[in-house]
Amino acid sequence: MTTDSAGRIRWGILGTGGIAASFARDLQLVDDAEVVAVGSRSDESASGFAGRFDVPRAYGSYEKLVEDSDVDVVYVATPQTAHAANVRLALEAGKPVLCEKPFTVTGTEARDVVELARERGVFLMEAMWTRFLPHFRRIDQLLRSGVLGEITTVVADHGQAIPASGGHRLHDPALAGGALLDLGVYPVSLASYVLGRPAGVTAAGTLLPNGLDAQTSAVFTYEGGAHAVVTTTLGARTANRAVITGTAARLEVDDVWYAPTSFSLLRPGSSQPERFEHTRVGGGLRYQAVEVGRLLRAGATESDIMPLDETVAIMETLDEIRRQIGLRFLGE
5 MTTDSAGRIR WGILGTGGIA ASFARDLQLV DDAEVVAVGS RSDESASGFA
55 GRFDVPRAYG SYEKLVEDSD VDVVYVATPQ TAHAANVRLA LEAGKPVLCE
105 KPFTVTGTEA RDVVELARER GVFLMEAMWT RFLPHFRRID QLLRSGVLGE
155 ITTVVADHGQ AIPASGGHRL HDPALAGGAL LDLGVYPVSL ASYVLGRPAG
205 VTAAGTLLPN GLDAQTSAVF TYEGGAHAVV TTTLGARTAN RAVITGTAAR
255 LEVDDVWYAP TSFSLLRPGS SQPERFEHTR VGGGLRYQAV EVGRLLRAGA
305 TESDIMPLDE TVAIMETLDE IRRQIGLRFL GE
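So for the sequence shown, the numbering used here puts the first residue at 5; every next one is plus one.
Incorrect hints may have been included.
As the list claims (entries may be wrong) - What follows is a set of in silico ranges between Cβ atoms, one per label pair, in the way DEER data are often shown:
| no. | residue 1 | residue 2 | range |
| --- | --- | --- | --- |
| 1 | A243 | P272 | 20 to 26 Å |
| 2 | R122 | G64 | 27 to 33 Å |
| 3 | E67 | T305 | 19 to 25 Å |
| 4 | E154 | R332 | 33 to 39 Å |
| 5 | R301 | G171 | 41 to 47 Å |
| 6 | G229 | D47 | 19 to 25 Å |
| 7 | S65 | G171 | 35 to 41 Å |
| 8 | S46 | R142 | 25 to 31 Å |
| 9 | R241 | D308 | 20 to 26 Å |
Everything labelled a hint here was simulated from the structure, so no lab data went into it. Each residue gets a CB set at the ideal place from its N, CA and C atoms; glycine is no exception.
Between the sequences and the hints, there should be enough to build the whole structure, so can you do that?
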């Protein structure tokens, strides 16, 4: 791959919303990376974003950004209904892609763009930033060490108070809103991370008058007998904690479990938990960018921390939850 004369990875950002701004802000903390271009559906939006984050080039179309030869990798930060088309656009231009979660709206969309990336031999990764955070890399080490014993349960929630009166995008059917895809993808991904693809899914949901889900819960079962319980809601800020329990110990991840935070390892018979503290610097999005840079320099086309086959499996699990609770999006 190419870089600038200083060896920095040059990012182009598709989209100018809140997550794009957070990513651009965190990328300023990465020494060997920079944002060189931003693309939006309007010149005004792109120029405004570029001015805020000192981005040298602003494009009023997505096509112009992916055609920029100085862009090494594209971060897709558009609404989820546009992810599949935007990822395809970048891949067809030969650009590596980091795509925001939810990766797509459906499992079929996810499988299609993954197949395209593999056909073209171009890097693609879901931006499930949680997996790259320091506390989760430590959790990964503990899971691999076997200190928890055999995993029996994973319990995680993600709830935020997002009223319909505010005009938030999660209340917009045209943007595939609701709790499940945008918030619920986090606990579903955690269950996948720890236990893999479930053998069985049992879900329940509460739908709003506009057809979107206000709250959804699911129980996953696995071949070895383990269970995962995941809950998500737009109606209230929940505890936002995660607990991974094994036969020998359990991990309790603090609020907010999917963002930079700390956790405890508790062993039966021990009077004091082992604490793993984390000092937060920035919003936490930079860690995934650092990993993308490492992978691109190594010539990799996907991540072993967030594999593409797992991304597809997560989207297909979300499909099954939606089927069971009757959550359908426009055009389905």
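Evaluation of the provided hints:
1. A243 to P272: 20 to 26 Å: holds (23 Å)
2. R122 to G64: 27 to 33 Å: With a Cβ separation near 31 Å, R122 and G64 satisfy 27 to 33 Å, so the hint holds.
3. E67 to T305: 19 to 25 Å: holds (23 Å)
4. E154 to R332: 33 to 39 Å: holds (38 Å)
5. R301 to G171: 41 to 47 Å: holds (42 Å)
6. G229 to D47: 19 to 25 Å: Violated: the Cβ-Cβ distance is about 57 Å, outside 19 to 25 Å.
7. S65 to G171: 35 to 41 Å: Since the Cβ atoms of S65 and G171 sit about 26 Å apart, the hinted range of 35 to 41 Å is violated.
8. S46 to R142: 25 to 31 Å: With Cβ atoms ~43 Å apart, the hint is violated.
9. R241 to D308: 20 to 26 Å: violated (34 Å)
Hint compliance for this structure: hints 6, 7, 8 and 9 are broken, all remaining hints hold.
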